[in-house]
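Residue numbers (the numbering used here), protein chains in the order written: chain C, 322 to 467; chain P, 348 to 493; chain B, 3 to 301.
A portion of the hints provided could be inaccurate.
Label pairs and their calculated CB-CB ranges [said to hold, decoys possible]:
1. Gly-418/P <-> Thr-42/B: 30 to 38 Å
2. Glu-411/P <-> Ala-109/B: 48 to 56 Å
3. Gln-285/B <-> Pro-484/P: 31 to 39 Å
4. Glu-411/P <-> Asp-204/B: 28 to 36 Å
5. Arg-375/C <-> Asp-289/B: 39 to 47 Å
Listed next, the stretches of chain C that the computed footprint assigns to chain B, with coverage defined by at least 3 CB atoms under 8 Å from CB atoms of chain B [unchecked claim]:
6. 408-420
7. 435-444
Derived by calculation from the structure, the hints in this document are not laboratory data. Backbone N, C-alpha and C fix where the C-beta goes; we use that ideal spot for every residue, glycine too.
Here's the letter readout for the chains.
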Amino acid sequence: MSGAFPSPYGGPSPYAAPVPVLRLGDVLLVTLQGDLHDGTAEQLQQDISDTVARSGATGVVIDLSGVEIVDSFLGRVLGDIAAQTSLLAARTVIAGMRPAVAITLVELGLTLPGLRTALTTEDAMCLLGDRRPTLPRPGHTRQESV
Amino acid sequence: MQTAGSVSACLPIHSDLDLVWVRQHVRQAAAQLGFGLVEQTKLVTAASELARNTLIHGGGGQMECAPAANGGVRGLRLAFSDEGPGIPDLDRALVDGFTSGEGLGMGLGGARRLVHEFTVDSRPGGGTTVTVTTWLPGPPRPREER
Amino acid sequence: MPEQDTAAHRRTPAQEVAGFLRDRQEQIAQRWADAALFRTVFTHSRDEAVEAGRAVVDALAAVATADSVEDAESGGFHVIRDQLARTAASRARAGSSITEISSEVDALRPPVTELFLAEFPDAPAEHIRECTTTLTVLMGTLRLVVLETALSEGEEVIHRQRLQLLEVATPVIKLWDGIVAVPLIGTLDSARSQVVMETLLDSIVEQHARFAILDITGVPTVDSLVAQHLMKTVAAARLMGAECIVSGIRPPIAQTIVHLGIDLSSVLTRASLADALAYALGQLGADIVARKGAGSEYR
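When you get a sec, could you build the whole thing from the sequences and use the hints?
This is the structure we're talking about:
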């Protein structure tokens, strides 16, 4: 783009801080919070690919429960992350998307058909462990997935 | 920094940091006018799409945010304008999947589905202004002020 | 009217009326308390009706003082708008039509005119005529304000009821841990579909439900708009990590869907709510088996 505008990713901003990628055994856990910079999202895509390649992780869980909006840009980034990690033999699960965000994405026309989803990060971990969560019974709290 | 607590504002769009400000202002303005969570999310997402268009395709510009009224119904109106090359084929630009930049090509057509009113004013070489309005679902008449 | 020959003691009709209303506030209120409008609304005590009457007279006097007897938006009316709205609403609830309320308000005029004429037996006829005209216009404006508040009250009742109906009509039922269901009944318009979608998705989060069942047994017809709403709900639930099952598709509806060329292939469907529940339980790893010997007498 023309040089008349300040560099998009330059300048200090609380939002431009990189998103940490945590490693839990074979799974990488990424928790997104608040309003994401476009640059931060692209950086994250890069970081996840690098970490998967380096660590040999078999799964990636992206926790969206703290995210208030997902537009087509972030939607594309999420789709790309899933596609890239799958080339590296890791499965990506999107967890905890809020109802308002889901409705908006559908209205926007973005159903992200290739993405695996889960209600919570715990469910996502179960899904990646290829283990069905044990059957919950009424009156009991959900049993921990050992 | 921005006019906190006020609905009317004019925000510059010259970097992806500005996109964050635009989203935050629209969220705040929509909440202040009494929009529900889902409508807020739709409006903020539409604003994000349109502001990104302004930035990427229009080479930067601005968003004007103002309350709207139609009879007794209140709403929020957002106008995104740039001095860029304009949209040569508007019908095509509104079709899902059409894109001249990055992303999923959901920007314009997707944003249109997230709002109640949508108008594009564009001349080749003369810049583009996209105006969107969303109305509150309130009663047909405003309540008497107390 | 030229100022110089009317002398200082002669007041304008509006001022005259305002003065009269203020001086005779108590008598007017007493008479109004016996008029149908006040008598039927303030049934507890006559004092209440008199009190209400006083407030209305005060407001009319304020409007006349402001010389805006023809203006329904006049500031003086603001004070009593709420009271008038409740009065009109009370009459409407009792079954009075707008026309009836209108004539009841109109019935407030004769007692006032009577008192007014008795007040100035010796005043010049022309002045009296002007004043009574002003008084009549003022009472007409009052009637307009009452009708306006009555109508807006009606609109608000309708709006409130519509919102209540939306909520009442969409209960979310927990069938099992991790399985919720919404039985849809009646016609699905855009507004209701929106509420159904939001309610169901919120309950998925609240109940931690991996399965959500939309039962459309009670939906008379499925057109492309309804189908579109169903598909959107299914897609949104999927994004959140839950699976949505549409159940209760009766044979005629299945025919319509095929006939209209609606593609529901992206949606998981089952014939009945029971089938949908059995499917969801199966996915959760539960089977439904008969206990040995139990229920054998029914076989």
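Practice item. Confirm or reject the claim that Arg-375/C and Asp-289/B have a C-beta distance inside 39 to 47 Å. Key: holds (44 Å)
Review point. In terms of beta carbon proximity below 8 Å, does the segment 435-444 of chain C have 3 or more residues touching chain B?
Key: Our answer is that it holds, as 6 residues pass the Cβ test (under 8 Å) against chain B, meeting three.
Exercise for review: Determine whether the Cβ-Cβ distance between Glu-411/P and Ala-109/B falls within the hinted range of 48 to 56 Å.
Suggested key: holds (54 Å)
Practice item. For the range 30 to 38 Å, tell me whether the beta carbons of Gly-418/P and Thr-42/B fit it or not. Key: holds (34 Å)
Check your understanding: Three or more residues of the segment 408-420 of chain C near chain B by CB distance under 8 Å?
Key -> Since three or more residues must qualify, the claim that chain B covers the segment 408-420 of chain C holds, with 6 doing so at under 8 Å.
Point to revise | Glu-411/P versus Asp-204/B beta-carbon gap, inside 28 to 36 Å or not | key: Holds: the Cβ-Cβ distance is about 34 Å, inside 28 to 36 Å.
Review point. Range hint 31 to 39 Å: satisfied by the CB atoms of Gln-285/B and Pro-484/P?
Key: Hint holds: Cβ distance 37 Å, inside 31 to 39 Å.
Comparing the model with each numbered hint stated earlier shows that all of them hold.
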